[in-house]
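Q: Line by line, the protein sequences are chains A and B. Here my numbering is used: position 248 in the first sequence is 248, and no number is missing along the way. Here my numbering is used: position 73 in the second sequence is 420, and no number is missing along the way.
Treat the hints with caution; some may be incorrect.
To be verified - If the Cβ cut is set under 7 Å, some of the chain A residues that face chain B in the computed set are:
(1) P131
(2) V133
(3) P134
(4) G231
(5) N234
(6) V235
(7) L238
(8) G239
(9) D241
(10) V242
(11) L246
(12) A259
(13) N292
Unchecked claim - If the Cβ cut is set under 10 Å, some of the chain B residues that face chain A in the computed set are:
(14) G375
(15) R397
(16) V421
(17) F445
(18) Q456
The set of hints was computed from the structure by calculation and includes no laboratory data. Ideal Cβ placement from N, Cα and C applies to all residues, glycine included.
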Amino acid sequence: MTGMAAPTVHEGGALEGRSAFRSFNRPALVVVLGAVGLCSVAFASLMYGAVTLSFGQAWSGLTSESDVFARNVVWQIRFPRVVDAMLVGACLAAAGALLQGVTRNPLADPTILGVTAAAGLASATVIVIDPRVPQWGIAAACAGGGLVGAGILYIIAWRGAVSPVRLALAGVALSAFFGAAIVGLLASSRTFLQTSLGFLAGGMYGSEWRDFRAMLPYALPGLLGAFLLAGRLNVLALGDDVAAGLGVLTDRTRLVVLAVVGILTAAAVSVAGLVSFVGLVCPHLARYSVGNDNRLLIPVAALYGAILVSSADLAARLVISPSEVPMGIITAGIGAPFLLYLVRFRE
Amino acid sequence: MKITVEDVRLGYNRRVAVDGVSFVVEPGEMVAIVGPNGSGKSTLLRGMSRLQKPTSGRVLLNGDDIRAMSARQVARNLAILTQSPDAGPDLTVRELVFRGRYPHQGVLQRVTAADIEAVEWAMDAADTAQFASRPLGSLSGGERQRAWIALALAQQPLVLLLDEPTSFLDISHQVEVMHLLRRLNHQGMTVVAVHHDLVLAARFSDRVIAMRAGRVEFDGPPLKVFEPAGLERVFGVPMMVLTDPETGLPIPLPRPDPLLCPVAHTGSPLSPLPAPCS
């Protein structure tokens, strides 16, 4: 991690090629490898599912209209689904990276701090009130819920001094409360038990283009906002006094960051339900590969999130094919052991 | 850059920490603020930057109220180093110092040649270049303090405020930091630092402002204001002032209590006036 975040001070010559490689090209390498991985997962997602397509079939389905069946499977079902999964992953991971940066706490994540559950409660509420609510309505409700959840977190955790313990406790209380409300709501509505399992565990079941279109107005500004906030987050990471001394309006920055977290989380929840651990794991992996600079860390975390969720969704479709398990089970299966590892072996 | 403190009051909740303080720091002055714990020194320093809003009164930088300036604008002119800041162990010194360029950068924080030049100068001035690539967690206390000073210098401020920059440092690092501040001051930077060590304050400052209970008790060049009566009023203990034989500068010390001194003194134990400890 030597100095890659800081733009180099020695503009190395040929002799410094090796260190220049380490300090400069590693992020580029990470991004290239990540993009290759993402494309591979995406293409595999086009091939595998209830019906397996060969590489050639998937390719012609993607690029031509000669094979009507393959074209329909690819364009109507699998392609939108994998794009949705990538966007969900990117949003959750970026939200997690923002939260970890703003709280200076490696265990922060939208699920742990209750933002996911707040958005989920809003989503469940509108679905129970009107089962035929359009997808854009669900997305809007989620955005409202996510913002409220983030706002409560801000008020509780940042009145007066910032305290990681208070933040964690507030998050636990919020997620327990909203989680209970969701289950209570779904259980008393009766009609939704089948689909509500997928919602509670988190999954991409049946997601399609309209989900993408409904999510995009929140996901895109959210991701853009996350990237633009990265520099300020870097300064905030030095502590409140130092950040204020460098001209950052600390409280306002935190409020904006939390609002963006609420929007990003809501975008993901509106499509995939309560997916946990993506926002926790991906920023750590990104930090491990590109260091502490949020200007790199947030985009790379988003890339990892896209890879993680799309591959988890692929796995969810394959383990008990032709049926599927909720994808959240896969991400939790990866994320929970990782959390335990963090708790035990890191500070 | 001239700093004008105008009848400033600062406090937390109902507690008043600084109770109506006024003074002017001229450009290029090196000022020490001294006083007992809880006398409001650190709070005053926070009020002189934008870290804490005065409940009344104003702080002016070259005549402009710092609360009317934007936070960035203030940060381009004035840097403050608070007591023991903590940025975690992982950041390298160079990464840390680069963040000092924040007030000069745009939203996308594109690094310019001026940024690189300022960072190089700051790391050089604070003598941190040799451990620029090391993470903060691996540094000694003196190295870490210099890294933080380099961060403040990367802001290219005209005014540098420091809260106890030498506490927790051994004597060689103390002298090193004070020499660095003096060099910067000689290059034209206005330096205001809170000090606990009166000897360092006397040796390295043009002027000492002493605070007690939120007010200024005395204010002037150390040679003039460091005298036993004034120091006793400020610190509440009997004080004496020696003279440094090499510089002629005052060396303030607490007056020894004969009953608590080691016995190895030159006076006779039977003499009616106890001799001071040697």
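Q: Is the hint on G375(B) kept, meaning its closest Cβ partner in chain A is under 10 Å away?
A: violated, 21 Å
Q: Would you check whether G239(A) satisfies its interface hint, that is, whether its CB is within less than 7 Å of any CB in chain B?
A: holds, 5 Å
Q: Taking the closest Cβ pair, is N234(A) under 7 Å from chain B?
A: holds, 6 Å
Q: Holds or violated: is there a CB of chain B closer than 7 Å to the CB of L238(A)?
A: This hint holds: L238(A) lies near chain B, its Cβ roughly 5 Å from the closest one there, short of 7 Å.
Q: Holds or violated: is there a CB of chain A closer than 10 Å to the CB of R397(B)?
A: holds, 6 Å
Q: Hey, does the G231(A) contact hint survive, CB to chain B under 7 Å?
A: holds, 4 Å
Q: Can the hint on P131(A) be confirmed by a CB-to-CB distance to chain B that is less than 7 Å?
A: Where the cut-off is 7 Å and the nearest Cβ of chain B is about 44 Å from P131(A), the hint is violated.
Q: Do the numbers back the hint for F445(B), that is, is its least Cβ distance to chain A under 10 Å?
A: holds, 4 Å
Q: Hey, does the V133(A) contact hint survive, CB to chain B under 7 Å?
A: At 37 Å from the nearest chain B Cβ, V133(A) fails the 7 Å test, so the hint is violated.
Q: Report holds or violated for the interface hint on D241(A), using the least CB-CB distance to chain B and a cut-off of 7 Å.
A: holds, 4 Å
Q: Is the hint on L246(A) kept, meaning its closest Cβ partner in chain B is under 7 Å away?
A: holds, 5 Å
Q: Let me know if the C-beta of P134(A) comes in closer than 7 Å to any C-beta of chain B, holds or violated.
A: Given a least distance of 35 Å, the restraint on P134(A) is violated.
The structure does not agree with the numbered hints 1, 2, 3, 12, 14 stated previously, though it agrees with the rest.
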